[in-house]
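**Q** Chain residues, written in single-letter form:
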Amino acid sequence: MVEKARSYNELLPHLFRLEYAKMTAVLCRHFGLKHIELAEDIVSDTFLKATETWGIDGLPENPTAWLYAVAKNKAKDYLKRQTLYETQIKRGIRKDKFQPEQDYDFTQQTIADSQLAMIFAVCNPINSPEAQICLALQILCGFSVEEIANAFLTKTETIKKRLQRARKNLRNDKFQIKVLQQANLASGLDTVLKTLYLLFNEGYLSKSDDHFIRKELCSEALRLMLMLTENPLTNTTQTNALLALMCFQSSRLEARVNEKGEAILYEQQNRSLWSRELINKGNIYLVNACEGNEISKYHLEAAIAYWHTTPTDSHRWERILQLYNQLILIEYSPMTALNRAFAFAKVYGNEQAIKEAEKLDLPENSHYHSLLGYLYTTMNADKAVAHYTKAVNLTKSLSEKKTLKREIERLKEICCCRA
Amino acid sequence: MKEFVLIFRHSNKSDSKPSPEQMQERMNWLGSIAAQNKLADKGNTLSLTNAKIVKPDHVITDGPYTEIKEFISGYMVVKTETIEEALELAKGNPIFKMGGNVEVREVVKPV
Chain A
3 MVEKARSYNE
13 LLPHLFRLEY
23 AKMTAVLCRH
33 FGLKHIELAE
43 DIVSDTFLKA
53 TETWGIDGLP
63 ENPTAWLYAV
73 AKNKAKDYLK
83 RQTLYETQIK
93 RGIRKDKFQP
103 EQDYDFTQQT
113 IADSQLAMIF
123 AVCNPINSPE
133 AQICLALQIL
143 CGFSVEEIAN
153 AFLTKTETIK
163 KRLQRARKNL
173 RNDKFQIKVL
183 QQANLASGLD
193 TVLKTLYLLF
203 NEGYLSKSDD
213 HFIRKELCSE
223 ALRLMLMLTE
233 NPLTNTTQTN
243 ALLALMCFQS
253 SRLEARVNEK
263 GEAILYEQQN
273 RSLWSRELIN
283 KGNIYLVNAC
293 EGNEISKYHL
303 EAAIAYWHTT
313 PTDSHRWERI
323 LQLYNQLILI
333 EYSPMTALNR
343 AFAFAKVYGN
353 EQAIKEAEKL
363 DLPENSHYHS
373 LLGYLYTTMN
383 ADKAVAHYTK
393 AVNLTKSLSE
403 KKTLKREIER
413 LKEICCCRA
Chain B
17 MKEFVLIFRH
27 SNKSDSKPSP
37 EQMQERMNWL
47 GSIAAQNKLA
57 DKGNTLSLTN
67 AKIVKPDHVI
77 TDGPYTEIKE
87 FISGYMVVKT
97 ETIEEALELA
107 KGNPIFKMGG
117 NVEVREVVKP
127 V
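Chains A and B, in that order, are what the protein sequence lines are.
Take the position in the first sequence, starting the count at 1, then add 2; the result is the number in my numbering.
Take the position in the second sequence, starting the count at 1, then add 16; the result is the number in my numbering.
None of these hints come from the bench; they were simulated from the model.
Every residue gets a Cβ at the ideal spot worked out from N, C-alpha and C, and that includes glycine.
Please note that the accuracy of each hint is not assured.
Here are some chain B residues the structure puts well away from chain A; computed CB gaps all over 10 Å [unchecked claim]:
#1 His26
#2 Ser48
#3 Leu62
#4 Glu100
#5 Gly115
Label-pair ranges, simulated between beta-carbon atoms [to be verified]:
#6 B:Glu104 with A:Lys403: 32 to 40 Å
#7 B:Glu104 with A:Lys398: 28 to 36 Å
#8 A:Lys163 with B:Phe112: 30 to 38 Å
#9 B:Glu86 with A:Glu320: 30 to 38 Å
#10 A:Glu269 with B:Pro36: 26 to 34 Å
#11 A:Glu360 with B:Lys125: 29 to 37 Å
#12 A:Asp315 with B:Leu103: 37 to 45 Å
#13 A:Glu333 with B:Ile76: 39 to 47 Å
SDA-like, lysine to any residue: derived pairs with alpha carbons at most 20 Å apart [stated by the list, open to error]:
#14 B:Lys18 with A:Tyr334
#15 A:Lys348 with B:Leu46
#16 A:Lys361 with B:Val127
#17 A:Lys361 with B:Met17
#18 B:Lys95 with A:Ile332
#19 A:Lys217 with A:Gln324
#20 B:Lys54 with A:Gln328
#21 B:Lys54 with A:Pro336
#22 B:Lys113 with B:Lys18
#23 B:Lys54 with A:Pro365
#24 B:Lys107 with A:Leu362
#25 B:Lys18 with A:Leu362
#26 B:Lys58 with A:Ser146
#27 B:Lys95 with A:Leu362
#28 B:Lys58 with A:Glu333
#29 A:Lys82 with A:Asp43
#30 A:Lys361 with B:Asn109
#31 B:Lys107 with B:Gly59
#32 B:Lys107 with A:Lys217
#33 B:Lys95 with A:Glu333
#34 A:Lys357 with B:Pro110
#35 A:Lys357 with B:Glu101
#36 B:Lys58 with A:Ile297
#37 B:Lys95 with A:Leu364
#38 B:Lys54 with A:Lys217
#39 B:Lys95 with A:Ser335
Okay, chain A solo, but in the shape it has when bound (with noise of 0.2 Å):
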């Protein structure tokens, strides 16, 4: 019994993260978007059941389906209620709203359509960014409300308020998640990429330093990605481009943290910890995404990933400091100029970059002055201190707060030494 117990109270959330997304996405499908609600209702009552049911009985043989059967059941049940009251409560007021009889499919093919479609129909444009990352969180990848608040560093109750407007927006929206168009996808594909990619980077850049939480964040944004490789109409060469990106800067997520949780610097890293199979995935999905001529901002950027993945060759400074050129033209940014700052100063010299990185003026930016610290180390310490401590004192986080302090001490030791 004990044992039972255990074993489900493992995979109750494990299951729940997986397939909560999906079954909202099937259920959407038949209720339209208006009734997202609904459709969740009917999944969270279905964990709920699975939480009593599993306790006692144990687990069933198949979860998953298990789960799925007691979801249909539930819906067929709801509509039959609600055609019961809309034709022998409200005869003949309105006709009927849902389709009675419909078959509630869970295959992998309706699984993987509406799955597609409720990413389409959470990256709408009607809402901000942030609010459509967090509803990507929710709806796309079953975390909770506390999660998305710890990964944001944000109190729950902001990020509550946030979801609530962000859907009432998509109820006011007409966006049909039934049909999975070419017109509609195509128009909607920039939204999604982009929600995705910042999605990506706000596990990868985060400000959070839960390390756990990052990591999830990443895998999830490569999650979707990977679905929208499965289907034609997605399956872009940008599509392609943003995921190779993913799977290169992925790769080294193992090695870029100690056991303390701290920061270690891409040059310090371990590089047995880098995952080869990341690697090579993201070789794959670059060379699909050459396919053709379009050079997008992902594209740039998944190429600037692919030369950090080898750091032996001599001449990938100079091919990297290239593609920054290039990005920059395409949008500017400041951490795009920050770090192609740093290309240059790899390819002409710290002195050279300190003329080109001031040149910058971002003197509200801790990246600024962090560059600005590490250009000056070898040449000027003083100056490097002082560029260090405006960066710690701009920085939120706490991980670079500590890197940067320990380089400070490490500086004002040799300038001890030296006087």
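Given chain A, work out where chain B should sit, using these hints.
**A** Same frame as chain A, now just chain B:
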């Protein structure tokens, strides 16, 4: 923020392609302006060979290099507060090493 067009002029007629190093230097220069968020439009390079001039009465002549010593090889638009800043940006262009020059003109915006 004002916008200034940089007009690039070459004086030699050789249409030899720039070397990889020259290309790289130009890309670095362009990237540097974009990295300062001062690029409004990366503009275009203009063909030296497929070029004609239409004159009054629809007279077509080859050009423009049969008429003038300096031909325009391209243009781009930067955004800066003052023309001095725009001139500073222009100074970094490798075109001067090849005997070219850059004309800087403010874009006139309707009031």
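**Q** All the hints need checking, so say for each whether the structure fits it.
**A** A quick look at each hint next to the structure:
Once the 10 Å rule is applied to beta carbons, histidine 26 of chain B is consistent with being away from chain A; the minimum gap is 22 Å. At roughly 6 Å from the closest C-beta of chain A, the C-beta of serine 48 of chain B falls inside 10 Å, breaking its exclusion from the interface. Taking the minimum C-beta to C-beta distance to chain A, about 18 Å, the non-interface status of leucine 62 of chain B holds against the 10 Å cut. The beta carbon of glutamate 100 of chain B sits about 15 Å from the closest Cβ of chain A, which is more than 10 Å, so the claim that it is off the interface holds.
Non-interface status of glycine 115 of chain B relative to chain A is upheld: no Cβ of that chain comes within 10 Å, the nearest being about 25 Å off. As the Cβ distance of glutamate 104 of chain B to lysine 403 of chain A is approximately 36 Å, the hint placing it in 32 to 40 Å holds. With their beta carbons about 35 Å apart, glutamate 104 of chain B and lysine 398 of chain A fall inside the hinted range of 28 to 36 Å. The beta-carbon spacing between lysine 163 of chain A and phenylalanine 112 of chain B, approximately 58 Å, falls outside the hinted interval of 30 to 38 Å.
At roughly 33 Å, the beta carbons of glutamate 86 of chain B and glutamate 320 of chain A sit within the given window of 30 to 38 Å. With their beta carbons about 28 Å apart, glutamate 269 of chain A and proline 36 of chain B fall inside the hinted range of 26 to 34 Å. At roughly 31 Å, the beta-carbon separation of glutamate 360 of chain A and lysine 125 of chain B lies within the given 29 to 37 Å, and the hint holds. Checking the proposed 37 to 45 Å range against aspartate 315 of chain A and leucine 103 of chain B shows it holds: the Cβ atoms sit about 39 Å from each other.
Separated by about 41 Å at the C-beta atoms, glutamate 333 of chain A and isoleucine 76 of chain B satisfy the suggested range of 39 to 47 Å. With a C-alpha separation of about 18 Å, the suggested pairing of lysine 18 of chain B with tyrosine 334 of chain A holds against the 20 Å cut-off. Taken as a hint, the lysine 348 of chain A and leucine 46 of chain B pair is honoured in the structure, with Cα atoms around 18 Å apart against an allowance of 20 Å. For the hint pairing lysine 361 of chain A with valine 127 of chain B, the CA-to-CA distance comes to about 31 Å; that exceeds 20 Å, so the pair is violated.
The hinted pair formed by lysine 361 of chain A and methionine 17 of chain B meets the criterion: a straight-line CA distance of about 17 Å does not exceed 20 Å. In summary, the hint linking lysine 95 of chain B to isoleucine 332 of chain A is supported, as the alpha carbons are separated by about 16 Å, within the 20 Å threshold. For the hint pairing lysine 217 of chain A with glutamine 324 of chain A, the CA-to-CA distance comes to about 30 Å; that exceeds 20 Å, so the pair is violated. Taking the CA atoms of lysine 54 of chain B and glutamine 328 of chain A, the gap is about 15 Å. The hint holds against a cut of 20 Å.
Under the criterion of a C-alpha separation no larger than 20 Å, the hint pairing lysine 54 of chain B with proline 336 of chain A is consistent with the structure, at around 12 Å. A threshold of 20 Å between alpha carbons decides the hint, and for lysine 113 of chain B with lysine 18 of chain B the separation of about 28 Å lies outside it, so the pair is violated. Using a Cα cut-off of 20 Å, the hinted pair lysine 54 of chain B and proline 365 of chain A holds, with the two alpha carbons roughly 17 Å apart. Between lysine 107 of chain B and leucine 362 of chain A the alpha-carbon distance is near 17 Å, which keeps this suggested pair within the 20 Å criterion.
With a C-alpha separation of about 18 Å, the suggested pairing of lysine 18 of chain B with leucine 362 of chain A holds against the 20 Å cut-off. This hinted pair does not check out: lysine 58 of chain B and serine 146 of chain A have alpha carbons roughly 45 Å apart, beyond 20 Å. Our distance criterion of 20 Å between C-alpha atoms is met by lysine 95 of chain B and leucine 362 of chain A, whose separation comes to about 14 Å. Proximity of lysine 58 of chain B to glutamate 333 of chain A is assessed by CA-CA distance (about 12 Å); at most 20 Å being required, the pair is judged to hold.
Annotation: proposed proximity of lysine 82 of chain A to aspartate 43 of chain A holds, straight-line Cα distance about 16 Å (limit 20 Å). Between lysine 361 of chain A and asparagine 109 of chain B the CA atoms are separated by roughly 16 Å; this keeps the pair inside 20 Å, and the hint holds. The straight-line distance between the Cα atoms of lysine 107 of chain B and glycine 59 of chain B is roughly 18 Å, inside the 20 Å bound, and the hint therefore holds. Taking the CA atoms of lysine 107 of chain B and lysine 217 of chain A, the gap is near 46 Å; set against the 20 Å cutoff, the hint is violated.
For a cut-off of 20 Å, the pair hint linking lysine 95 of chain B to glutamate 333 of chain A stands: about 15 Å separates their Cα positions. For a cut-off of 20 Å, the pair hint linking lysine 357 of chain A to proline 110 of chain B stands: about 17 Å separates their Cα positions. Straight-line distance between C-alpha atoms of lysine 357 of chain A and glutamate 101 of chain B comes to about 16 Å, which keeps the hinted pair within the 20 Å bound. At roughly 16 Å between alpha-carbon atoms, lysine 58 of chain B and isoleucine 297 of chain A fall within 20 Å of each other, so this suggested pair holds.
Using a Cα cut-off of 20 Å, the hinted pair lysine 95 of chain B and leucine 364 of chain A holds, with the two alpha carbons roughly 17 Å apart. Restraint check: the Cα-Cα separation between lysine 54 of chain B and lysine 217 of chain A comes to about 36 Å, which exceeds 20 Å; the hinted pair is violated. Proximity of lysine 95 of chain B to serine 335 of chain A is assessed by CA-CA distance (about 16 Å); at most 20 Å being required, the pair is judged to hold.
Figure legend: structure checked against the earlier numbered hints; hints not met, in rising order: 2, 8, 16, 19, 22, 26, 32 and 38.
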